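There are 2 protein chains.
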Amino acid sequence: MGGDNGPAAVIAGMALSAAKNPDIEFILHGPEEELTRLLDKRPELKGRCRLRHATGVVSMDDKPGQVMRHGEGTSMWSAIESVRNREATVAVSCGNTGALMALSVIRLRKLPGVNRPAIACLWPSRNEVGFNVMLDVGADIKAEAPDLLQYALMGTSYARNGLGIARPRVGLLNVGTEDHKGRAELKAAHDLVAAATETGDFDYVGFVEGGDLPSARVDVIVTDGFTGNVALKTGEGTAKLVGDFLKEAFNAGMLSRFAALLALGSLKRLQRRIDPRRVNGGVFLGLNGTVVKSHGSADATGISAAIKLAFTLAKSGYQERLAARVASATQAGQDAAQNNNENGTST
Amino acid sequence: MGGDNGPAAVIAGMALSAAKNPDIEFILHGPEEELTRLLDKRPELKGRCRLRHATGVVSMDDKPGQVMRHGEGTSMWSAIESVRNREATVAVSCGNTGALMALSVIRLRKLPGVNRPAIACLWPSRNEVGFNVMLDVGADIKAEAPDLLQYALMGTSYARNGLGIARPRVGLLNVGTEDHKGRAELKAAHDLVAAATETGDFDYVGFVEGGDLPSARVDVIVTDGFTGNVALKTGEGTAKLVGDFLKEAFNAGMLSRFAALLALGSLKRLQRRIDPRRVNGGVFLGLNGTVVKSHGSADATGISAAIKLAFTLAKSGYQERLAARVASATQAGQDAAQNNNENGTST
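Chains as they are written, first to last, in this note's numbering: chain U, 28 to 374; chain R, 28 to 374.
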């Protein structure tokens, strides 16, 4: 119920996903009457969608603290609850990010060994798989060195199971690549992450900069939620600006318009590559259950992309593997910090 | 001497600027023999360029602290010195940013009332003038609330004198636009900046997000040097990625290549609009003297853009106005914080 475009956009996205994927089923949370009316128009969803009646709605302006105390009975609460009681494998929401994270933390609880859960996003890159993972992009405005180590472990699990990268390469986002650069917690995290590569089964490339976000030399970019959120929105805003400039350029005269017509196929491919809707879906990591946050402004295409991501993660059994890895690697990481020649196990 | 492309690129950039601008003169700092040989090939610079012999070079790997202690005799030190003794109106360097800032601070000294100097960059935007100002993009990895207020004052002075915007609109970079979002120092800065609009002669639009960096609703974006540096490099990296994708798209087949040929004029205009070399030049604000930092990797076009920016600022008498405004507004801002119905004067 919580997206900018209301439940009609959500149901349109579900219909797109249902048409493409015969293995998917839905539980839809919200006011029964309104949703039934919308579902009746979508024959693709017939027999594949159950309803959970919930009258309350979490709005974009609601503060997370309020929602935690008074959120019972909202569609958001109900959706998280269906993951909690194992009815749903994964929850997808377009609603208020802060409230969704707060509810997810109190209802699903943090994984053993995790202090700060994180939101991971996919970033278009020059890598073979076409994407890098960046986290945290907004779960928490602060992260200490041990949190950044956990982000590295959670991010590599995501890259392995969501993107199929066997041994992901991790970079720590900083204002320079030299060892002496950056804040104190980054220098401490630098050492912690470097010591955890064997246990965590990843490679560490060291500090990376903003320009490396689409780079082919890294798969997982680790940062605090304040910096990650600014970087994510800056990247999206820049891509949109360049896209708008491109449209203007091709509308600048008859010749340009004719050229655009000729290059239509190529331009559409380009648009697809930089379309933020295609990489829609921030994944909440570090909880007992998977939650995917879609953009509030997502349309049917964007919501369908978020559902696809949720389905891929659910199918990979990633949640169970992540839990096992974080538990073992956090322990092993602590041991390794004390005793540098210990061998960890790989999950 | 300090850029990635050596003094040949610097002198090529100077030659470009000299050809375009009859009012410009240069003082060039570095090893006399090497520079004389390069200058002899540039008739455009004849009689318009004096040499200051300096044998030492600050490398990209030198740590700022080292350079502060042992930097005398380097070309960088000599260039700063020429601003200090008023021989030069403004210094331009492609060298090590940290070292350049450290030398600038100890030799030029901070303006009265300024705690942390800042580096301001221009950002392509949908504004009428085509650019927004963002600061700090890397002078200091930390900024407290009073520093952010000073950045607002310094940034609006820059926008007024460098871009000709009479009453700049200031935004504070945050992870959301709601008042309760972000770190404690941002909430404090929110109140400080809002209280300084009359004295500082600017408008305050409140919190802005990464996506607003190219926005038409703001002229000056204020943030700490860590976040600003990551945002700047993320934006540059994203623009480059999209540009590369665009090139690939137009190389994807005969028809696309033909279309690219037809649209060549439009595509070149687009490239100019997003070319990071055009907005090359971070301006050091808050010192007794103006220093412009060019990208280390700048070529002749980039260096010429940095020289043009330096010339515009020198010509505007901006340094003197900035000093007056920061002194009066910092004082008035402190008064206003104590007594909210005081009227400040406008410099």
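I should point out that these hints are in silico values taken from the structure, not numbers from a laboratory. There's no promise every hint is true.
As the list claims (entries may be wrong) - No more than 30 angstroms apart at the CA atoms, straight line, and that leaves these computed lysine-lysine pairs for BS3-like:
(1) U/Lys90 <-> U/Lys68
(2) U/Lys267 <-> R/Lys295
(3) U/Lys90 <-> U/Lys295
(4) U/Lys47 <-> U/Lys214
(5) U/Lys90 <-> R/Lys214
(6) R/Lys267 <-> U/Lys274
(7) U/Lys137 <-> R/Lys295
(8) R/Lys68 <-> U/Lys267
(9) R/Lys267 <-> U/Lys137
(10) U/Lys295 <-> R/Lys267
(11) U/Lys267 <-> U/Lys73
(12) R/Lys169 <-> R/Lys295
(13) R/Lys295 <-> U/Lys169
Predicted model only: the values in this text are computed from it and were never measured.
Structure versus earlier hints, numbers of those that do not hold, lowest first: Going through the list in order, the structure violates hints 1, 3, 4, 7, 8, 9, 11, 12 and 13 and respects the others.
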